[in-house]
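J.: Read off the chains here:
Protein chains: 2
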Amino acid sequence: MYIEEQYQNNDPKAIRDFIQQNSFGILINQTEGKPWGTHIPLELEYNPEGKEVLYGHIAKANPQSAALQNGATVLAIFNGPHHYISSSWYDHENVPTWNYIAVHIYGTIRLIEGDELLFSLKKLVDKYEATSENPTKIENLSAKTMRQVNGITAFEISIDQIQAVHKLSQNRDDKNHSAIIEKLENQNRPNAISIAREMRKNRK
Amino acid sequence: MYIEEQYQNNDPKAIRDFIQQNSFGILINQTEGKPWGTHIPLELEYNPEGKEVLYGHIAKANPQSAALQNGATVLAIFNGPHHYISSSWYDHENVPTWNYIAVHIYGTIRLIEGDELLFSLKKLVDKYEATSENPTKIENLSAKTMRQVNGITAFEISIDQIQAVHKLSQNRDDKNHSAIIEKLENQNRPNAISIAREMRKNRK
Chain A
1 MYIEEQYQNN
11 DPKAIRDFIQ
21 QNSFGILINQ
31 TEGKPWGTHI
41 PLELEYNPEG
51 KEVLYGHIAK
61 ANPQSAALQN
71 GATVLAIFNG
81 PHHYISSSWY
91 DHENVPTWNY
101 IAVHIYGTIR
111 LIEGDELLFS
121 LKKLVDKYEA
131 TSENPTKIEN
141 LSAKTMRQVN
151 GITAFEISID
161 QIQAVHKLSQ
171 NRDDKNHSAI
181 IEKLENQNRP
191 NAISIAREMR
201 KNRK
Chain B
1 MYIEEQYQNN
11 DPKAIRDFIQ
21 QNSFGILINQ
31 TEGKPWGTHI
41 PLELEYNPEG
51 KEVLYGHIAK
61 ANPQSAALQN
71 GATVLAIFNG
81 PHHYISSSWY
91 DHENVPTWNY
101 IAVHIYGTIR
111 LIEGDELLFS
121 LKKLVDKYEA
131 TSENPTKIEN
141 LSAKTMRQVN
151 GITAFEISID
161 QIQAVHKLSQ
171 NRDDKNHSAI
181 IEKLENQNRP
191 NAISIAREMR
201 KNRK
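Listed in order, the protein sequences are those of chains A and B. If you're matching positions, the first sequence starts at 1 in this note's numbering and goes up one per residue. If you're matching positions, the second sequence starts at 1 in this note's numbering and goes up one per residue.
Bound-form chain A, shown alone (with noise of 0.2 Å):
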């Protein structure tokens, strides 16, 4: 995606909290001649091997399946909170805006299977049951439940290119800067307390 320099985030760590947090994303590629949208969780772990990889799978059903063939390049968009930022929140005239966080992922696909398969969903179904009062284990699975393993596309995303945007008001003066996180905070939204409180991480 395009970037202006000043949104840019280059913290290698907030960039992998964020996707971590923010990982049910989706899946992009051009199937069937046109662009191709899965919404997808899409797990950043090491593999077997230590490279931090994307872990994600599709139901074979869907047609974007055929496409994601070994090699195939792919984009993962991972959203964050947003909001618009109105412009008679600041102390002189100028046009609205909306604030953002999102990032996006370049990477080359490779097909996983058996044991590199059970691995991925495992990482996935620990992560998303950590808080359950009776997690469910992929190991404890029964094998006419696990069959349904048979349904699904599985690959992880070798990792080419990261794109990370967090366009928050950097452009304005302090006082402006507070002003607009001050009405943020006014407006007892989630996307809009949550956009606020990275405003205020992000603050000199």
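Since the hints were made in silico from the structure, they are not lab data. Accuracy of the hints is not assured; some may be wrong.
A pair counts as met if it fits within one copy or between any two copies, since identical chains are not told apart.
What the hints assert, rightly or not - Once the Cα atoms are required to be at most 30 Å apart in a straight line, the calculated DSS-like pairs of lysine-lysine come out as:
1) K183 / K123
2) K60 / K127
3) K175 / K137
4) K201 / K144
Given chain A's structure and the hints, the job is docking chain B onto it.
T.: Chain B in isolation, oriented as in the chain A frame:
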């Protein structure tokens, strides 16, 4: 996108409401030989000819801008709430899943300028300034401020195809459906609460 029939949203009013309430979308096309996404408000509006279109604009400095020619096909993605669904919440063994709501629109670009461009910006700003104390008004901005319009590529997207998914555990029986709602409502997380609300609305 691929949508299992049971998860299709076929209610035009619900789809329209969703797009208007989740208008900060992603504009996807093929740019410089790869899928490219830009996060922007995409507003579902009637144009001056009374045709329902999506209005949007991006920075001319964005490489995607060069690919937005009249007649170009684009994908507009609108994201909604989503949440992990633990199979430990069911009364039987199964694999976990994810519930979510999203709309994908395929459409055709028509570049707009002059009065049409101002009309689209006015619609956008008036919508988000509706609750402002001192609303910014496009028609009140100075000529100097409005020169920023020279830096954008504005367009309307003629709608060719709408794909609407609301994956809300429609494949679960009443007892399990209720258990999922209850568990989500106990999460105290905005996405969980939103999905629970949508599941309640979607009950037969």
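J.: Hint by hint, work out which the structure violates, then give me just those numbers in ascending order.
T.: Of the numbered hints given earlier, the structure breaks just one, which is hint 4.
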